[in-house]
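*Asks:* Chains as they are written, first to last, in our numbering: chain A, 3 to 491; chain B, 3 to 491; chain C, 3 to 491; chain D, 3 to 491.
If you are wondering where the hints come from, they were derived from the structure by calculation, not from laboratory data.
Since we're looking at a predicted model, the values are computed, not measured.
Any given hint could be a false lead.
One copy or two, it doesn't matter: identical chains are merged, so the pair holds either way.
[Unchecked claim] Here are the simulated DSS-like cross-link-like pairs (lysine-lysine), alpha carbons at most 25 Å apart as the crow flies:
| # | residue 1 | residue 2 |
| --- | --- | --- |
| 1 | LYS138 | LYS66 |
| 2 | LYS377 | LYS443 |
| 3 | LYS451 | LYS376 |
| 4 | LYS428 | LYS263 |
| 5 | LYS237 | LYS392 |
One letter stands for each residue in the lines below.
Protein chains: 4
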Amino acid sequence: MKLRTNVPKSFAPFSQTVHPDLKEECGVCGVYAHRQSAHLVYLGLTALQHRGQESAGIVSFNGKMNRHVGMGLVFDVFKEEHFKFLKGRSAIGHVRYSTTGSSVLKNAQPILVTTHYGQVAVGHNGNFTNADTLRKELESSGAIFQTTTDSEVILHLIARSKEKTLPEAIVSALKKVEGAYSLLFASDRNSHGRQESMMIAVRDPMGFRPLILGRIGSSWAIASETCAFDLIGAKTVREIEPGEMIVIEGSQTFRSVPISKPLGRTAFCIFEFIYFARPDSKIFGKSVYEVRRELGRQLAREAPPPRGVDCVVAVPDSSVLAAMGYAEEVQLPYELGFIRSHYVGRTFIEPSKPMRDFQARIKYNPISENLRGKKVVLIDDSIVRGTTSKKLIRLLRSTGVKEIHMRISSPPITGSCFYGIDTPNKSELIASSHSVEGIRKFLKVESLKYLSIPGLLKSARGTTSKYCTGCFSGNYPTRLLDLEKSSKC
Amino acid sequence: MKLRTNVPKSFAPFSQTVHPDLKEECGVCGVYAHRQSAHLVYLGLTALQHRGQESAGIVSFNGKMNRHVGMGLVFDVFKEEHFKFLKGRSAIGHVRYSTTGSSVLKNAQPILVTTHYGQVAVGHNGNFTNADTLRKELESSGAIFQTTTDSEVILHLIARSKEKTLPEAIVSALKKVEGAYSLLFASDRNSHGRQESMMIAVRDPMGFRPLILGRIGSSWAIASETCAFDLIGAKTVREIEPGEMIVIEGSQTFRSVPISKPLGRTAFCIFEFIYFARPDSKIFGKSVYEVRRELGRQLAREAPPPRGVDCVVAVPDSSVLAAMGYAEEVQLPYELGFIRSHYVGRTFIEPSKPMRDFQARIKYNPISENLRGKKVVLIDDSIVRGTTSKKLIRLLRSTGVKEIHMRISSPPITGSCFYGIDTPNKSELIASSHSVEGIRKFLKVESLKYLSIPGLLKSARGTTSKYCTGCFSGNYPTRLLDLEKSSKC
Amino acid sequence: MKLRTNVPKSFAPFSQTVHPDLKEECGVCGVYAHRQSAHLVYLGLTALQHRGQESAGIVSFNGKMNRHVGMGLVFDVFKEEHFKFLKGRSAIGHVRYSTTGSSVLKNAQPILVTTHYGQVAVGHNGNFTNADTLRKELESSGAIFQTTTDSEVILHLIARSKEKTLPEAIVSALKKVEGAYSLLFASDRNSHGRQESMMIAVRDPMGFRPLILGRIGSSWAIASETCAFDLIGAKTVREIEPGEMIVIEGSQTFRSVPISKPLGRTAFCIFEFIYFARPDSKIFGKSVYEVRRELGRQLAREAPPPRGVDCVVAVPDSSVLAAMGYAEEVQLPYELGFIRSHYVGRTFIEPSKPMRDFQARIKYNPISENLRGKKVVLIDDSIVRGTTSKKLIRLLRSTGVKEIHMRISSPPITGSCFYGIDTPNKSELIASSHSVEGIRKFLKVESLKYLSIPGLLKSARGTTSKYCTGCFSGNYPTRLLDLEKSSKC
Amino acid sequence: MKLRTNVPKSFAPFSQTVHPDLKEECGVCGVYAHRQSAHLVYLGLTALQHRGQESAGIVSFNGKMNRHVGMGLVFDVFKEEHFKFLKGRSAIGHVRYSTTGSSVLKNAQPILVTTHYGQVAVGHNGNFTNADTLRKELESSGAIFQTTTDSEVILHLIARSKEKTLPEAIVSALKKVEGAYSLLFASDRNSHGRQESMMIAVRDPMGFRPLILGRIGSSWAIASETCAFDLIGAKTVREIEPGEMIVIEGSQTFRSVPISKPLGRTAFCIFEFIYFARPDSKIFGKSVYEVRRELGRQLAREAPPPRGVDCVVAVPDSSVLAAMGYAEEVQLPYELGFIRSHYVGRTFIEPSKPMRDFQARIKYNPISENLRGKKVVLIDDSIVRGTTSKKLIRLLRSTGVKEIHMRISSPPITGSCFYGIDTPNKSELIASSHSVEGIRKFLKVESLKYLSIPGLLKSARGTTSKYCTGCFSGNYPTRLLDLEKSSKC
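Could you build the full structure based on these sequences and the hints that come with them?
*Replies:* Structure, rendered in C-alpha cells:
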C-alpha cells in the first residue's frame, strides 16, 4: 500500500485541467486602503489559486506589518483567527508554485524583512534569470539569505542600496536583475519616510507576466488576473505597462515611474492563453476565453479531422474551450469524453497491489456508453512529457472507442521556460526528442496533429515581437546568464 | 466576519453542480472475497462521493468485524493507518447524507451491532416511511437506539427476530418496514451459523434506488452506481431486481431470494437521471449520460428559444449535458457562461462586511467578455427554493447580458421526496406556491419554461408505472404512514 | 526506530507515581443546579484525572441532554467550544480507565441513551461481577449493545423495567447486578415524569468505591474524591452510604433511598489508601495523606532497616509519603533518589537502536551524586509484575549505591481485583508464584520486606469486615459469578 | 469564559516548581559522530526541557544540513517522521525560552544560515548585552535579519568576517559581542573547508552559563547540564572552561582554543543552583542537589523557626530540597503541604465567572487534613513579583493553618538579570521597592526571612569573584552597553 498525495498542482480548484507536467507559476494580489484589505486579498488569492497551490501568504500593513503564510491551498492556509492578526488597511498576498527554491515553508511569500527603509514585503511572479549569479555575489560579501528563492535577491539589493527612498531603491535594484517579474511590494513607510503604508507594483520591461491595476470604491487593487477583481468586486483600471512601476501612497492617485527605456518589443507569455490563465480573465488586452476558443477553431482549420469521425472530446477541463471551438469549426458534435473528479489537493491511498493507470483513473472516468464504437477527435491543450497523455488515451481506448485522432491546441513544446513556468528539463520534453510521428506512435493514436506557431500567434492576434514563444520556438527574448554559466542551455 | 462552511453537499467532487437545495441521499459499495476489499470499497466510495458527503464509513469483515467511520469526505475520513485496521477479505462501505437523523458521527454508517445472529453491519440508501412508528414501538418495549437514523430500526427488528438465520431474519424484518431501501448487510457468520463472512444486498419491492451487482475476477462487488465499478475495475453482472435479496456466502455463486410478491410496477427514482446519478453511470438499464442529454433535446422540442437568441449556457456542472443537448437540437452555439470553483467541502471565511451574492460568487464567475450584449438561454436541471437560481441570474445579469431565457430540464418540483432525497418541506418549494409565471417574476428572467412530465418520462423511455415522479406529480407510489400520523402530508 | 506512547496510565498528572502495572479505575463528578455546571464538572474531572486517563466525558442536562466525550486526558478532550454546546444547569462527568470493555471511543462515559423514562446518562466507577451473564441474557432477547462495557448492562435493565419512575427502575435493575459500583445518573425527566433535571448517585451495598456528596452554595456536587471538591470550591456534606441512593431533583434537598438491606459489613477498597486515591482527599472517613504516611511508619515498625543504612529513598511520587513516614519512624534521613519527569500522556520516540531500560530512564533519573557508596532503603507502595521495579532498581544500582533494601508499604498482591481495579491476571502477579525471597532474587536487592495484612488494616484503622483485602488475602467479599462460570477464578 | 493557556514556562516537566515569574533561559545539546545523533539530541533536549519550553529545534548535519524547529515542548515538536528527515551523524539542538526576541516560530533555534563558510547553525544560551547596538550597525549596512533574537547577530558578524576558517571567524565575531553566552555551532564544512561536519562549543570569558563536554563511546556530546548526559548514556569529560572554544572535527580528539585572555575571575550564575538547574545535574563543579539542600540548611542556621512551629512545608517542587535541608537542620518534621498537578503546557478553560485564585488552585491543592491548626514554616526558593506567593499563601491559609513563617532559600531579588534569565523589569520586583517587612505585610505571613548573600555564597562554596550575584547585589560583572544607551539601567 503506497501513500500518494494528489499534489495540489495536479488539481486546479476551478474547471480547468491542470497538467501534472506543467507546474503553475505564481499569482499576486494587493488591496490598498480598504477596511477589509486582508479579506479581499484572501478572496483574490482564492481566485488566483490556479497560479500556485503550494503555498499562500498575506502581509497586511498599517504601521505594523503582519504576515501569515502556510503550505497548501488558500482555504487551508487561512482560518478565521488569522484575520484578527492580519489587521491594517492594506495587504498584499501571494500564491506560489516554486519555479526556483524548494517547496518549504520558509520559501512561502510574501517575504517580509526589515531594511533601513523600514519593513518591506514582496510577492513575486516570474523568474530572475541571473539570480544565482547575484546571490553568490551577495553571499560572498556577507549577506545571509532566509529563503532559497530567487525573489529574495531583490530584497538584499534594496537593503544594500544607498538611494534615499524605497521606490528609488527598487528601481536601482531592478537594474541589476534580468528576466521576468511582476512584483508587488508593501512597506510601512512611504516615500517620504513617514510611517504610512505604501504599495508598489512593478512589471519587467518585456511584460512576461500579467499585472493589472484595479479600483474598489476609493481603494486600489492589484492582481495577476482580472478574475480576482471579479470576485472582490473591483473594476479594472488598466494593465500595468511593461517596464512600469506604480507607486501607491494614498487612495486618491498613484505615481507611474518608468524603470527602463522602451524596448520596442514585448514578450507576453503566450502560454497564459493556451493553458495557465483562467478563461474568465482578460489579460494582455484580450479575453482568455475568446483566445482559447479561437485556438480550437484555428487548430480545426490547420488540422481538420479525417472523414468519418463521429465527435470531438476534450481532456477536461483545460481543453474544453479549444474542443468546443474545434467542434464548432468542423461542425461535429462535441461530447463529454470523461467525467473528472475534483479532489483538490487531497491525499488518497492507493491499493497495495497497484492498479494500472490508477492515477489517471482516479481523476478521469471515460463515459463508455457514449463512446463505444465511435471515431473521436481528442483535443488537448499541450503535451509535455507525454506520459500522462498516454495513460489518458489508454483509458479512453478501454471504452471501446474505434479511432482516436489527437489534436493539440498549441505547437510542440521543445524547450523549457525560464520566465516563471516550471517546465521540466528540455530532455524530458517529448517533443524535444521525438518527431510528431514519433509522439503519435508513443501515444498509440491513429493520428496526431499540433497547432502551428503562426496559427498560435494569429489566434492571439500578435507576432513574435509581442509574445514570447520561447518554449515552442527556442527564441528566448532575453539572455539567460545563469544558464550560460552552467552551460545548461 | 462570519465563518461559513462550504458544506460538502454544495460541492460535488466531480463535474456536476450540486444543488445547495437538494441534498444527496446515500451510496453503498461492497466487495466480497478480495485481498484488498477495504481498499476497493474505499475507492468505490470516492466514486460515489456525490451521493453523500456528510460522513463515510467502512466495515471490513473476516471473522472479526472492524469499523471506521468519520464525518466528511471519503478522502478525509480514511487515512493509510485505517487500512491496517480494516483487515479482512470482505468489506462494505457507505457515504451518507442524512435524510433522517441528524448530522453527527454516531449516525454515520455502516452501523455495526451484535445480535444473536453474530455481528451485523448495514448500510442503507433510501428512507423507511414508517420508521418513526416502528421506533416508538421498539423503544417502549425496552430497545435502546444508538443512532437517530431510520436505518437502525431494521437492526432492532432483526435482533428481536426468532428466525433461524440472518437472511430469514432480514426477510422477516423487511416485512414490517415500508418505503425505499437499497440495503447492504455484512455479517461474520454465514447462514449456517459458521464463522464465515456473508454479504447480503436487498432492494425494496419498487426499486426506488439503484443497486448493482458486479464481479472483479472471482470476487463479488455491489454498488449504488456503475461508476464505482469503473474505478475498481469491476464488471457489471446485472442490477439487483426490485424485491430481490442477494445472499453471497462464497466467491463462486450467490443466492437470489425474493422478499415480496411481484407488484406489477416499479418506482425507479427519475430524479437520479435528472440530477443525482453520475453521468458516467448506467442505472435502471440506461446510460445517465444519454438520458440527461436527451432531457435537453426534449426540452428544446417543448420549449424552444425565442428568435434572436445568441447562445445556450448551462449552470455548471450538472446542467452541462442538458444544455449541450438543447443547443444541439436548436442548432445554437453552446457557450460556457460560468467558471466554477471546485472547493470541495472547504471552509472559507466571508468578509465581515457582507458582499452581495458572496456565496454564489465564490462558486461561479460569469465570463463577461463572452456574454456582454447577448441574448442567452440558461439551462438548469431543476429549481428547488429558487433563491440560488435568483443569485446566479443576478450574477449572470452583471455581465451585461441582454436577455435571459431560462429553461429547466425537469418539471416543477411541487412536493417533497419521502424516498431518500432530502428535499425541503413542500412549503419551501417555490413551485408548490408559485405559478411558472410567478417563478419567472421572482427570478427576473425574460422567459421561463419547464420540461413536461410526459416529456420527462419519454426522455427516460418509461411510464408512471416504471418511474416514481412523486415530487413532480404528487403521485407517491406507497402509503406514507408516519406522515399521515403527523398529518404533515 | 519504534514509536512508543507514554500511555496516559503510566503518568499521573499529579505528584503520584502511577504503576505501569496497575491501571486506574474510574472517577465521577456531578454538579446540580449551577450556572456553570459543565465547567465545574470539567474542573472536578481534572482533579480526578488520576482515576482514569483513557477517556473523559461530560453530559450536561437541562431539558435537552448534551454529551461530549473523547479519548485522552480531560485537558485534551475538552476545548472551549465544547462548553458552548454543554449547556444546562446540571452536568455529570466521568474519567475512565477500562476495567471491562476495550479502549475505544464508543466505550467512553457517561453513556447517554433514550428510554421510555426519557434520556438517561450514567457514569460508573466499579465493576459488575455478573455483567457477562446479564449481557448474554439481554442479547439473546434482542437487546443491542452500543458499548463493550459492563456499565451499559444497567441501562438495558432500566430500559426494560416496568417500574413507574426512573429511581424505582434503577433500584429494580440494581437488584440484578452484583459487584462494585458507584454510579452517577442524569435524566432530563424528574421522578414525576416532568421535563426537569434529575441527578441520582448510588453506591453498592458494600461501598467498594468512594462517593461523596457536597455543596457549592445552593448547588449540589457529587464526586469520587474530595480533592475534586477542593478545586471547585465545594464543601463535603457527607459520604454516600454503602447501599444508599441519593435522588436530587431540586436545589433545596435530596432524597435518600436504600437499595438493599444492611449487610453488617462493608468492603472499602483498601488499595485506595495504598495507592489510588489522591493524598489530599479524604475518603472512607479518613485522610489519605495520614493513612499513607502511617503505612510507612507501620512498615518501619514491622520491617526496620538493617544496621548501617544511610538513608531512605522513595519511588516517586506515589511512595513519597510512605517513605517519609518510614524515615521519620526509624530516624534516618529521607533523600530524593530519583528525579521524575512528568510527561503526562505524551508520545516520545525511542531510538532505533534500543537503549537498555529506556522506558524507566525517560521517567526517572537517579541522583548519583547523592547516593554513590550509600546503603539505602527503597520504599515502594506495591509490586505487581515486578518488571518495572526491576528496571528501577537497575537504574538505582547504576549510581554506585552500595546496598538496596526494599520495603513495600502493602502486602504481596496474590490475586486480581474484580471490583474495578484492572490488575493483571493472577498468573502475571509475581507474588502469586514467587515467595518473598524469590521476588528478592528476581529484583536483585539485598533485602525485601512487605507490610503485613494486619499491619495494613491497623494503619487504616479497620478490620476485614470494613475493608476489602481480596487482592492480598484471596478473601473476596462477594460471589464472582462470571468468573465461576468461566472457571477462571 | 476565558481561555487561558497554562503556559509551558509555568509547568516544568520534572519535579521542580517553575516560577510563573522567572522564565527559564535556554538549553543546548549536541552529539557528534553517532549513528543516532538526532535521536540522542532529542532525548537530551527532553532532559533539558526545564531550561526552555517555548520552542525546540534540532539541526542535523552530514554534508547536507537539515533543520526542524517548532513551538512548544520537545515531545510535541518532534514526531517520528522528523527523524527520517534529520539524517546525519551529527546534530545540535536547542530549547528556548525567549530572553530577547518575541515568542514566534522564526525565533526558534538552532538558527541555520548559509555563509561563505558554508552552512552554519547555532544554538545560544545566554544574552548578548550589546546586541541592539550591533544589530543597528549591521542593518544600516544592508544586513537583513531573519529573527528578532540577539543570537542572530553573531551569524551576521561571522558572515561578514574575512577570516579564513569558521573557527577563526567565530573568535573574531565574539570579540565584538559582550555578555553571557554558551554557544553551540554546527557546520557542514570543517576548518579545512572540506565537506565534513564540524561542531564548535564556546563559553563566554566569565562562564555565566554551564556547558559540558561528554563522550558516548567514540562520539562527542555537549550539553548545558549533565542530566542530559545521564539520559543518553554519555559520560562527562569536563566542563568547557570560561573563555574556551572547543572545535570538534573528528571523533578522536578535539581542539581547545582560547577566545580571550584570562580575566582572573568568573561569573557563574548562582541562580542555576537556587532554582534553574535540575537537581540531578552537576554544574560549576558541584552537585545541584547538594547545594540546593545546603541552601536550606544554611537558611535554617540564619533564620530558624520561632518556637512552637510544628512542621516545615515546601512550595513544590522546586523548594522541596531546601525544605528538606531546613527541616533536617532544625529537626522538625517535613510535611507535604500541597499536591501539585503536572499539566505540562496544557491549555485549560477557566469558568466564565472567575474563581478566586483559580490559577494557583489548578496547580496546587493544599492538604488540609494535614495542616489544620498547625504552625508551619513555608520554604520557597525565591520571591519575584510576590503575587504568586501571595495566592499560594492564601490557599495555604484556607486549610486552617495557624501560623505561616515564610523562609526564602535565596536573598531578595532586587535587580533584573541581563545574562539570560528573563526576570521582570526591576520595577516589578517586589524586593526592589519593599523592605522585607513590607513584603511580609503584602504576603500576610506571620514572619518572613531570606537567606543572606554571604550565606548563599557559602552554601555554593564560592565568592563574588566566582559567582555572579547581580540580581541580588546589583554588582553586575560586565558593562551593559544597550542598557546604558537606553538609560534603562
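*Asks:* Since the copies are identical, ignore which copy is meant and state whether LYS377 and LYS443 lie within 25 Å (CA to CA) inside a copy, between copies, both or neither.
*Replies:* within (18 Å within a copy, 46 Å between copies)
*Asks:* For LYS138 and LYS66, with the copy left unspecified, which applies at a CA distance of at most 25 Å: within, between, both, or neither?
*Replies:* between (32 Å within a copy, 18 Å between copies)
*Asks:* Between copies, within a copy, both or neither: which fits LYS428 and LYS263 at Cα up to 25 Å?
*Replies:* Intra 33 Å, inter 60 Å, cutoff 25 Å: neither.
*Asks:* One pair to classify: LYS451 and LYS376, alpha carbons no more than 25 Å apart. Within, between, both, or neither?
*Replies:* within (19 Å within a copy, 34 Å between copies)
*Asks:* Quick one: LYS237 to LYS392, C-alpha cut-off 25 Å, is that within a copy, between copies, both, or neither?
*Replies:* Result: close only across copies, 23 Å inter versus 43 Å intra.
Of the numbered hints given earlier, the model fails hint 4 alone.
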